[in-house]
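Visitor: Sequence:
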Amino acid sequence: MSTSSQPVFTGTSTYAADFQQVITRAVAIASFPLNQLNTTKSTLQNQASALGTLDTQFSALATAIQNLASVGGTGALTPTVSNTSVLSAQASSGVLPGNYKVHVVSTGSPTDALSDDGLPTVTDAASQSISSSSSFTLTVVTSTYTINPASNSLSALAQAINASGANVNATVVNIGSTSSPDYRLAIETTKLGNIGVQLNDGSSNLLNTLSTGAQAQYQVNGQPSTPISSDSDSVTIAPGLTVNLLAAGDATISVGQSTSQISNALSSLVTAYNAVVDELNQNHGSVGGALTGQSIIFSLEQSLRSLTNYNSGSGAIQTLADLGLTVDKTGKLNLDATQFSNAAANTSNLAAFFGSPTTSGFLQTATNLLTGIEDPTTGTLQQALNSIQSQITKEDNMINDEQNRVDQLQTTLTNQMAQADAAIAEMQQQVTYYTGLFASFTNGKSG
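In terms of the working numbering, the sequence shown opens at residue 1 and continues consecutively.
Possibly wrong hints are sitting among the right ones.
Taking CB as the label site, the calculated pair distances span [as the list claims (entries may be wrong)]:
(1) 139 to 254: 42 to 50 Å
(2) 260 to 196: 45 to 53 Å
(3) 271 to 226: 48 to 56 Å
No lab work stands behind these hints: they were computed from the structure. Cβ coordinates follow ideal geometry from the N, Cα and C atoms, glycine included.
Hey, can you work out the whole structure from these sequences and the hints?
Guide: This is how it looks when you write it as structure tokens:
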């Protein structure tokens, strides 16, 4: 819109007020199309705002579907351990639902070594070392590593060992007193078992084995008869199922979906869905919102009906109603906790119904439907918003042109009225002058 300042009419004749009224009325009449354009723009802006609100609500619904997929889809299986003091478990892609019984015979132990007693005593680990050598050879079983500390200190030696890539951890420990320290190099293997480890400075071995380790041992579902040995306390007992052995004992791992998490996700879905319904309902009736009567409202409502009318066509759970989700007469979703509890008795049925966002089931249908609405490029809402923004831009251009036309008219009229007013004012001054002149002449003769 033009922002140029307009000339101000300041007449001096007795008709100045009349001239101003002419200008004001002419500009007002000429502004009718401009006012209509501004009204149209305001309507479009309100529609854009309403679409933005709908986009926010549908985005929340899409997030609720994603959260449901994370706990209820075919890949959303959670391990539950009967005895968490014996082991912990983690599930990943590929795990199958079921029960896995694990008997932990032993959690195993690493091999530990300490620098020998006969080596130089180190009272300051930052400046002294157990050997004057600048290069060492670390042997772990049959693998050797060249160790070159950054400085001739025990701390630097431990740091160099840890940076070597060997399957050991090196630390510095004080086996003396606080007042009379005796710092030693301590080595512990990162793998479990009786693992040979030695450090040589080129002339002698520097380590003494404190304890030989043992591998962890366990059985899965009672097999094999001779327990499985492992050099790690983290073992894979089935595809996608890893356990951490914590203590000797027995534990059962139940892999399945968490019905409590699914119930919470469904409750969130109900909340998000009903928020969308409320927002759509704002655009109906004689006092409806900015999008009342717009086709996009009916399109979005049809999409919601498609979502709630989903039917898998097979399985123990085929519809949302089978799951405990029903639509009331107001179009809102409700979750029947008892019905859901009954349906969730067999988590395999839940997984079959939900499916996956990318391959099958309710989750795929819901994901595809919401992508069609929410996609930032091709989504229904974005396309509608793009269309309105384009119309607003067009209105802005028309408003600018129309404002310039009105401004030009006002300028022209102001100049014309100013000229007319000046001419009249001049004539009025002449009339006043001659009237006074004649009056003085007449008065002179009378005297």
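Visitor: Next, verify each hint and record whether it holds.
Guide: Results of checking the hints against the structure:
1. 139 to 254: 42 to 50 Å: holds (45 Å)
2. 260 to 196: 45 to 53 Å: Once the Cβ atoms are compared, 50 Å apart, the range 45 to 53 Å for residue 196 and residue 260 holds.
3. 271 to 226: 48 to 56 Å: Since residue 271 and residue 226 have Cβ atoms about 55 Å apart, the given range 48 to 56 Å holds.
Going through the hint list in order, the structure satisfies each hint without exception.
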